[in-house]
Amino acid sequence: MVRERYRQQLVELQAATVAMGHDAAQRLTEAVGLLRRPNEASIRRLMEGDDAIDSQYLEIERRCLDLFALQQPVAGDLRLIAASFKISTDIERVADLALNLAQYAQDLHVQLASLPDPEEFFELGRHAHRMLEDALRAYDLADADAALSVIHADAEADRTFWALTHGLVSALMRTCQLAAELPEDTASGTVGMILAIRDLERAADHAVNIAARTLYLVRGQSDYI
Amino acid sequence: MVTNPQIPKVALGRDKAFQVRDLSFFYGKERVLTNVTLDIPQRRITSIVGPSGCGKSTFLRVLNRLYEVVPGARAIGHVWFDGQDILERGTDVVNLRRDVGMVFQKPNPFAKSIYENVAYGPRIHGIRSRRILDGIVAKALGQAALWDEVSTRLKGNAFDLSGGQQQRLCIARALAMEPKVILMDEPTSALDPTATAKIEDLITVLKDSYTVIIVTHNMQQAARVSDLAAVFLTGGEMVEYDETKRIFETPMDKRVEDYVTGKFG
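Line by line, the protein sequences are chains A and B. With this note's numbering applied, the first sequence corresponds to residues 1 to 225, in that order. With this note's numbering applied, the second sequence corresponds to residues 1 to 265, in that order.
Isolated chain B (complex conformation) (with noise of 0.2 angstroms):
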């Protein structure tokens, strides 16, 4: 594939959550991601933008592995994950998912009880002590900006929650897993405006301690919370990857300029 050198793609400095290199998906013989390579690096949000069909939500379900559950899906490629490529096969998928915790479009918390849903990772991973759980629930809430909304009512079910506080919620249940990652697939597309600019604080938030890479069809909101910005189009390509006040500013792409100028897409 020939590119401009002048487009920068790979973020330099600064140490790696992901390497990925030459990353193509195929979806039976439809190919979906075609030669992506860039480094996301710890402890900032980068954001994957572009139009609907350009393999942005599945690069993301690349980075913890979740595709396998799809039938016929494949990737080729390499993506270095704490010293591992994470697509050998003999990678330990459920530890990867530990590491690397996700948060999906529409809020889906279980149907149990606001506690439960955040006890229930660290439980699966072996921890039974009452007080050892009450202190992780206590501080993932606290940490999704939950706590103080929902702390007398904890045995409450989770579904009683407004859309925006179960989605707070089931960033919680990320949390308390104590990722490196959290990747968010359209966390706001299903909220109103007060509910996304309280996930968005908390996404601002969270660069602190983790490492986001979010997925958003909204630019206003990639350039509102991102620090990078990838730009995906269709054919899976990713075109250009920078800071993300550089893309919105000053892209260098013609068709990055196009899309986010809106004059296509």
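Next comes chain A alone, as it looks inside the complex (with noise of 0.2 angstroms):
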């Protein structure tokens, strides 16, 4: 094998993003978590984690652009540097997502109430953990098939979306016909925890765009990009 050094760099950079994208899987579970039982020290050491993120970011980004300029990556290597760039995006974003989460955990909290079934939240915030799960395992390990099953996967995060929001619409209209007056806390607690849903939802998003980045890498396909 000739270019020792460059297939070490490929290596290391897959395995940077995949550790990064780890991170900020757990960073959204436990903001997720924060929301069950809110706490000043936790949400604290939640949001200063942040920058951990921003760095490696930052970091992955330098390494694809050493590596554009330096080697000219073409074929396998040049969808791998590629793919890793924009997954790398992906994955901050959802650690973004997870510092939303965390910083209004206090609010949602409260507001979890109003759900008919609070578990459904919950729910979506693991099915959107497992499939950055499996689609840093399928970036990883280079499984088209396996970032097939993510994108798959995300019409069931679409249906919880939908289901978790119809039921705060339709709990805020009966609350409407109610009341002579919708009280404004009822009506931005709903938007809160619609875009605490919507947060949710968004993760599955990056989570099938990671799986769609990863079908690039492997075949080429550019599909669902």
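Everything labelled a hint here was simulated from the structure, so no lab data went into it. Here the structure is a predicted model, which is why all the values come from computation and not from measurement. Hints are supplied without guarantee of correctness; some may be wrong.
[To be verified] Label-pair restraints from in silico Cβ distances:
1) A:2 / B:197: 24 to 30 angstroms
2) B:201 / A:223: 32 to 38 angstroms
3) A:26 / B:189: 48 to 54 angstroms
[As the list claims (entries may be wrong)] List time: in silico SDA-like cross-link candidates among lysine to any residue, alpha-carbon distance up to 25 angstroms:
4) B:263 / A:6
5) B:139 / B:124
6) B:254 / A:29
7) B:245 / A:48
8) B:254 / A:174
9) B:245 / B:257
10) B:180 / B:88
[Claimed, not checked] According to the in silico footprint, chain B covers these stretches of chain A (three or more CB under 8 angstroms from chain B):
11) 68-74
12) 77-90
Cβ atoms here follow ideal geometry from the backbone N, Cα and C, with glycine treated the same way.
Using the hints, put the two chains back together into the complex; each one sits in its own frame.
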């Protein structure tokens, strides 16, 4: 095997991207957990941890640019670097969503009661986490079939998102019918909760993006990008 | 030979400059090309890439029958050019080489003036009129992007030019014959990056009027300048042939993937 150092750099790039992905997925799950049991210290710790994700992101971007500039990658190498470059952006967004959830954990904790079935929200969180981990594994192992499964799993996330949103809006409408005037905190609370549900659905979408880039990496296929 | 039917080997559509069918080539008993089949389209740039000894330069030399100067060299198969199989006995090689010009790895101007280098071919093909020759020389040097640099010293010695200028002079010399095809064998391997960039720009412009076939060791050069790329591997087999961007982004053959990414070669 020639170009040993270059090959090693490609392996390291992929490993760094997977590691950042695990960290972001973990943070998302922790953030969802904070809605169940908000705790000031944990919220602060999670929010402060976002800087580490940003550094990982910049580090991966730098590795990609260096490889493009110095190695003129082609074929599978080109696809790996291009995919990693894009995947790291998706991972960084997942971490931002976790930050969002943590930031409003106290309010959202109160608001969970407005959901017809709060466990459905936590199930959406678990589903998004699974999709992220599966997408990262597919990328790590260059497994196109596993990537396709992640893409198909998104339908379930979308279904739960709509069910939860619909439930909240129906509850809001019922409140409107009963009360002469809609209390302001009910309205803003509902909007906040919908945004939180939307954050989880977006996390699942990022998992789909990671899977789609993995398909491009393995097969050069751009269908789902 | 069993081949993977998914791997495109023949560019379809467009007018063809060459149709190569089952071309095999031997130096004595040694086989250098194995059943090469491909169509080379007109007025596009086709690069031939592959590791040393894969037969790519030999392939180029088949296209104007330059291999004949090597004793014991033998080509079998068919190479159609302009409605004729040029491998057949009776092919007029002088006419063939007028239509299919060649530029070599190292610039090889004649020990003559700049003017005489370019006028040489037209002269031996019987053009005597000074006025016509002046026109041919000016046009060829212009097409080779050299006119502005040499127009005031056409009588100067060609060897006084820089390496990059000498190579453009050789391209002008080929263009003076108004060929249909220009074969280039590693045309920039002896040049610095600036001279290389000028030749690459020139190649890109030439494809408006000429079919260009370029053999290169430099993968990035093939990626930069060619529309189509044919990958030859050891044993003289052409393994994959398609639009250059597909070859360099998503090669289908594992051996091509390994070669272009530098895993062997």
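These are the hints, each one checked on the structure:
For residue 2 of chain A and residue 197 of chain B, the hinted distance range of 24 to 30 angstroms is satisfied, since their beta carbons lie about 27 angstroms from each other. Between residue 201 of chain B and residue 223 of chain A the C-beta distance comes to about 36 angstroms, which sits within the given range of 32 to 38 angstroms. Take residue 26 of chain A and residue 189 of chain B: their Cβ atoms lie about 52 angstroms apart, and the range 48 to 54 angstroms holds. Of the pairs offered as hints, the one joining residue 263 of chain B and residue 6 of chain A holds, with about 10 angstroms between alpha carbons and a cut-off of 25 angstroms not exceeded.
For the hint pairing residue 139 of chain B with residue 124 of chain B, the CA-to-CA distance comes to about 18 angstroms; that is within 25 angstroms, so the pair holds. For the hint linking residue 254 of chain B to residue 29 of chain A, the alpha-carbon distance of about 40 angstroms lies beyond 25 angstroms, and the restraint is violated. Taking the CA atoms of residue 245 of chain B and residue 48 of chain A, the gap is near 44 angstroms; set against the 25 angstroms cutoff, the hint is violated. Taken as a hint, the residue 254 of chain B and residue 174 of chain A pair is broken in the structure, with Cα atoms around 63 angstroms apart against an allowance of 25 angstroms.
Of the pairs offered as hints, the one joining residue 245 of chain B and residue 257 of chain B holds, with about 13 angstroms between alpha carbons and a cut-off of 25 angstroms not exceeded. At most 25 angstroms may separate the alpha-carbon atoms for a hinted pair to count; residue 180 of chain B and residue 88 of chain B meet this at roughly 20 angstroms. Three residues within the 8 angstroms Cβ limit are the bar, and the stretch 68-74 of chain A against chain B gives 3, so the coverage statement holds. Counting residues of the stretch 77-90 of chain A whose C-beta sits closer than 8 angstroms to any C-beta of chain B gives 3, which meets the bar of three, so the coverage hint holds.
Going through the hint list in order, the structure does not satisfy hints 6, 7, 8.
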